[in-house]
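**Student:** Next come the chains, spelled out residue by residue.
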Amino acid sequence: MSTAGTSLSQSAASGGLALSVEGVDLRFGGIHALRGVSFAAAPGQVTAVIGPNGAGKTSVFNTISGFYRPAAGRILLGDEDITHTPVHARAGRGLARTFQNIALFRGLTVLENVKLGGHHTMQAGVFSALVYGRAAREEELRLRAEVERKVIDFLEIDHVRHLSVDVLPYGLQKRVELARALAMRPRVLLLDEPVAGMNREETEDMARFILDVQEEWGVTVLLVEHDMGMVMDISSHVVVLNFGQVIASGTPAEVRRHPQVIEAYLGAESEALA
Amino acid sequence: MSEFLEYSLLGLLSGGVMALIALSFVLIYKGTGVVNFAVGEVMMLGAYIYYAGAVTFGLPPWVAFALALAVIGVLAIAIERAVLRPLSGQPAVAVLMATIGMASIVHGGVEAVWGGDTLSPPTLLPRTPLLLGEVLIPGTVLGNFAVAAVLIGGFLAFFRYSKTGIALRATASDPVTAATLGININYAQRLTWLLSGLVGTFAGVLIASSAGLSPLLASAALSVFAAIILGGLDSILGAIVASLLIGWVESVSAGYLGGKSRDVVPYVVVLAILVVKPYGMFGTRTIERL
Chain A
47 MSTAGTSLSQ
57 SAASGGLALS
67 VEGVDLRFGG
77 IHALRGVSFA
87 AAPGQVTAVI
97 GPNGAGKTSV
107 FNTISGFYRP
117 AAGRILLGDE
127 DITHTPVHAR
137 AGRGLARTFQ
147 NIALFRGLTV
157 LENVKLGGHH
167 TMQAGVFSAL
177 VYGRAAREEE
187 LRLRAEVERK
197 VIDFLEIDHV
207 RHLSVDVLPY
217 GLQKRVELAR
227 ALAMRPRVLL
237 LDEPVAGMNR
247 EETEDMARFI
257 LDVQEEWGVT
267 VLLVEHDMGM
277 VMDISSHVVV
287 LNFGQVIASG
297 TPAEVRRHPQ
307 VIEAYLGAES
317 EALA
Chain B
10 MSEFLEYSLL
20 GLLSGGVMAL
30 IALSFVLIYK
40 GTGVVNFAVG
50 EVMMLGAYIY
60 YAGAVTFGLP
70 PWVAFALALA
80 VIGVLAIAIE
90 RAVLRPLSGQ
100 PAVAVLMATI
110 GMASIVHGGV
120 EAVWGGDTLS
130 PPTLLPRTPL
140 LLGEVLIPGT
150 VLGNFAVAAV
160 LIGGFLAFFR
170 YSKTGIALRA
180 TASDPVTAAT
190 LGININYAQR
200 LTWLLSGLVG
210 TFAGVLIASS
220 AGLSPLLASA
230 ALSVFAAIIL
240 GGLDSILGAI
250 VASLLIGWVE
260 SVSAGYLGGK
270 SRDVVPYVVV
280 LAILVVKPYG
290 MFGTRTIERL
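Chains A and B, in that order, give the protein sequences. Take the working numbering: the final residue in the first sequence is number 320, and no numbers are missing along the way. Take the working numbering: the final residue in the second sequence is number 299, and no numbers are missing along the way.
One chain only, chain B, in its complex shape (with noise of 0.2 Å):
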């Protein structure tokens, strides 16, 4: 029974992570419309430039950190306006093109100059474990989830109840009347790449520093969509579950079947529950999108 308990709580902190991936590729999906691809590569570029700062620089992991966030919001809106804007109005396939092409082209960059091999950033959060009765945390696991419930927590609030909050779901919602209405829809999609980026380096650096940072990284990304698709690709909401519900099966069947399993469980957990439910866990409820 412990056992189960230590695999469920593991699991379940590490959907915290997976659920800030979601939320960085939910945000674009429903502000914009596109289909990211590259939200992997983003995050693992981040979690790069964390590691030359903090250990190439030997700056102070902190000031390193705010270094990634700068260096990603500032590649973030550069490519909102060279080459989203610009293919604002082409077929979705278009779009999805441009962002595997620009995911390649990370990917191989990333690889040029810091190699395949698995680094070592510093941790920017306490490594004190916690036990909790028989089941022993990782102080990391701990912290990666905390950060991400505050952040999560942080944005569920700013879109309900504060005006850019929800200037940007008129704008996700009808651009058109958005604009009649003054909305800046330029500074709004601006605005959403934006806060996806500096989510996705969040995500990044929060995993690299814990399990290690290697090109592998951007393919934590993958098992994401499948929470993606589970919860709704456009509910922040519904990503948020589904993320804790992958992050859970994943941790249990590890735990219980062996290692390799976990590439293979989650994918027909949620295979299964979209032949029962093809909307999504949540039915043909609405969800409270963005």
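Chain A with its partners taken away, still in its complex shape (with noise of 0.2 Å):
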């Protein structure tokens, strides 16, 4: 694991950035979907967003990755503003995402799935070698190919690979989807509820991986999980949202302890959270 992390991660773009949300407002027609949203997931850091459910988690994604233009507000990648990049071209910024609900190309295999992550580093098409010169082009395609070899390792799906992946079970289903999203060399990660229905032993394996991504290719990840347990294990900062508004925010442990919070998850009368 350890001499392949050390090369991954040089094969890796360079290291993670910062992602900032700075005072996001979101409305469909009446409803007023996120309030002045205002969190930063730091570099190379996993960083949690949880709440109840319409609290805005998916709101919040959904606007990072371009599929919503908020009212207000501004979404920072490192130092650039790409609150107005339009869905394709954050990806070439180093955005990865998955999804709530499995988003694989169905009938491709594992490995044309894997593949597409890479898709973005290069032009598609005739151009691109006149763009990039004929060694860069080799040089690019040679990378992109130890990526996606070191990915699928990496995930343990090396078994599956030319298998469609329509046939895999659940588990493997979400491992491939991950592995597509670092295809992408990304610098921000974005996990929408990566162990949903899951079993224990997957989700202990998928927060395995998440750690192992974060810890060796030094990428941001930013995760929505409901699954207290491995959100309060894999996360060094937490964000809590609810009614669209940031209610709370900090270490796992003061999350825990903030009144608001217990009151959002618990009710009112509730006294303590775990």
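Just so you know, these hints were derived from the structure itself, not from any lab. Idealized CB from N, CA, C, for every residue including glycine. Worth double-checking, as some hints may not be accurate.
[Unchecked claim] Simulated restraints on C-beta separations:
| id | chain 1 | residue 1 | chain 2 | residue 2 | range |
| --- | --- | --- | --- | --- | --- |
| 1 | B | P131 | A | D199 | 47 to 53 Å |
| 2 | A | E186 | B | Y276 | 47 to 53 Å |
| 3 | A | G138 | B | A166 | 26 to 32 Å |
| 4 | B | A166 | A | L189 | 22 to 28 Å |
| 5 | B | A79 | A | R115 | 36 to 42 Å |
| 6 | B | R94 | A | A191 | 32 to 38 Å |
| 7 | A | D204 | B | V273 | 53 to 59 Å |
| 8 | A | E186 | B | V122 | 37 to 43 Å |
| 9 | A | G275 | B | I86 | 50 to 56 Å |
| 10 | A | P215 | B | I282 | 33 to 39 Å |
| 11 | B | T65 | A | D127 | 51 to 57 Å |
| 12 | B | G142 | A | D204 | 50 to 56 Å |
| 13 | B | G148 | A | A191 | 41 to 47 Å |
| 14 | B | S171 | A | R120 | 33 to 39 Å |
Each chain sits in its own coordinate frame; assemble them with the hints.
**Tutor:** Structure representation (structure tokens):
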């Protein structure tokens, strides 16, 4: 693991970037989905966004991805304002994500799905050779093949690489989706409920993969997750949303003791959370 | 026996060009979800531009053909941008009506400019027939099939192995996720319309230069709809197999039952197969798509 990890981090993009959400307001007609949401994911750390159903977690993710345009506020990747960058162009800035419902391309093999993660690193077609030059293009192709191979080894999906993703069990599909996101060589990785629907063992595997990704690649990880045990175990920073607003943020221990968080999760009369 | 062989061979060979028309349709349906009823008209327009280049302006046939490809390519991109992109997200029926409208415009325009007579554009391919034992195969039929086979083979390889082809399949399967991976959806859809237009032009010019050119050419696409439905709307492989089958049925029925039966028998066969196998010829088996 460690030797593979060293060269893996070399072939990955150089380290994580900070991701900042600044005063984001999002409205759908009369519904105020996000109200002045601000938080930051520190570079190379795991940050979790938690909150009850309907709190706005997925809205935050979709705004960062670029599916929603906020009415106010900014999204910063490193120092760059990406609020108005098209969805597909954010991949080139180092942003990758997985989806709550597995979003693999059905009918394509595991390897084809993973290869699509490398798509953005090179413009398709005839012009790329002219733009990049032949040697640079070949170097890029070699690097991509290496990243794909390592990602597949890393997530332990080598034995299914030529199978269609449709036939894989749920837990493996989730891993393939993570592999595809890693093949993008991201600097910020958004994980939307990475362990939803998984059993204990699959959850532990996934938690280990996420920690390895963060440690060995230095990627910034932002995750939305309902599994509190997992969130508290792997996150260094937790942001709590309720009714479209940030009600608390801090280390897992701080957030766990926060009265408003306890109220949001367990109702007003509860005294303590775990 | 040799009669049957001859009908079968001719039918399969003509099915090749039909498969090109089917490909032109399936590309757009699979890639953008649009049921394009203007496939036949695009094909016909390409053939008329070829005719205008080669006969009216006296260009060499290959130059005229390149001109037709270029004009249809530009047109396809313009239609995608000006008509279809603004309609994206609208009900499928609205988009379908738009394609029918475009078909009428092209049809009317072609008749206004060139009239309804049958024209004879020069052939692109050698006319030397091939004698296989007792079976004589016209050179154009053979040439048309060869061109169709090479093009279709090229497309299958393109979708299977090339980066852009895989990206197009991904976009067809799930545009939202494709965008997060850095695939430009607008570019992918534009490329899909361009490829479909070019394939249609190939089919139109091949048919026109071997069987003559009139506005009726557009209706050749109608019999292809039977093949598309039979093969599965979104499956290139299914469309190819079904096109060959329908070409064969048309030819054999025309040979034994007279020329008129070719307009009826293929549809009867399609209906019969769909009654027995409602999911198309491939049953419930998943077909590798696009």
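**Student:** All the hints need checking, so say for each whether the structure fits it.
**Tutor:** Against the structure, the hints come out as follows:
no., hint, result
1, B:P131 - A:D199: 47 to 53 Å, "violated, 59 Å"
2, A:E186 - B:Y276: 47 to 53 Å, "holds, 52 Å"
3, A:G138 - B:A166: 26 to 32 Å, "holds, 28 Å"
4, B:A166 - A:L189: 22 to 28 Å, "holds, 25 Å"
5, B:A79 - A:R115: 36 to 42 Å, "holds, 38 Å"
6, B:R94 - A:A191: 32 to 38 Å, "holds, 35 Å"
7, A:D204 - B:V273: 53 to 59 Å, "holds, 55 Å"
8, A:E186 - B:V122: 37 to 43 Å, "violated, 49 Å"
9, A:G275 - B:I86: 50 to 56 Å, "holds, 53 Å"
10, A:P215 - B:I282: 33 to 39 Å, "holds, 35 Å"
11, B:T65 - A:D127: 51 to 57 Å, "holds, 55 Å"
12, B:G142 - A:D204: 50 to 56 Å, "holds, 53 Å"
13, B:G148 - A:A191: 41 to 47 Å, "holds, 46 Å"
14, B:S171 - A:R120: 33 to 39 Å, "holds, 38 Å"
Hints 1 and 8, counting from the list given before, are not met by this structure.
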